[in-house]
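> Numbering-wise, my numbering puts 100 at position 100 of the sequence shown, and it's gapless, one number per residue.
Worth flagging that the hints you see were computed from the coordinates, not collected in a lab. Please note that the accuracy of each hint is not assured.
Unchecked claim - Label-pair distances were calculated between CB atoms; the ranges are: (1) 34 x 119: 31 to 39 Å; (2) 48 x 25: 18 to 26 Å; (3) 77 x 42: 29 to 37 Å.
From the three backbone atoms N, C-alpha and C, an ideal C-beta is built for every residue, glycine too.
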Amino acid sequence: MIDRNMLMFANDSFYYAFTNRDFDAMDEVWAREAAVCCIHPGWAALVDRDEVMSSWQSIMENPESPNIEPYNSQAYIFGDSAFVVCYEKVPGGVLAATNYFIEEAGKVCLVHHQATPCQNP
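Turn these sequences into a full structure, and let the hints steer you where they fit.
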């Protein structure tokens with residue numbers, strides 16, 4: 001069963017990597033063996049790990065990529081999988097995000113991230 005503290009640490013690690021534009025840290029957060037998926041706002045679904053990581057590299061290298069401030073994180077644990085729903089404050093609005101995690105090789109790893117515009121809760 002995924003430990004709540006480990007889950008929230010993994011979620012925080014994802015946002016740390018994003019905020020600090022640390023590609024190596026982002027690469028560490030994502031699962032390596034399980035299938036992954038990422039849906040950035042306005043993008044088509046990316047369903048291959050190489051595509052997902054390439055998208056993060058492009059976002060991090062783009063000086064116009066917005067800063068993200070996550071808040072109101074809520075954890076939901078289902079044995080060896082779990083997800084976190086939170087909001088992301090971005091310039092000019094708010095996104096609702098879902099981050100889905102599994103246990104892989106003894107650590108909690110991200111397998112799905114999706115963010116979409118929403119109203120401020």
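> Could you run down the list of hints and mark each one as holding or not?
Hint check:
Checked against the given bound of 31 to 39 Å, the beta carbons of residue 34 and residue 119, roughly 32 Å apart, stay inside it. Distance hint for residue 48 and residue 25: a CB-CB separation of about 21 Å, consistent with the stated range 18 to 26 Å. For residue 77 paired with residue 42, a C-beta distance near 30 Å keeps the hint of 29 to 37 Å intact.
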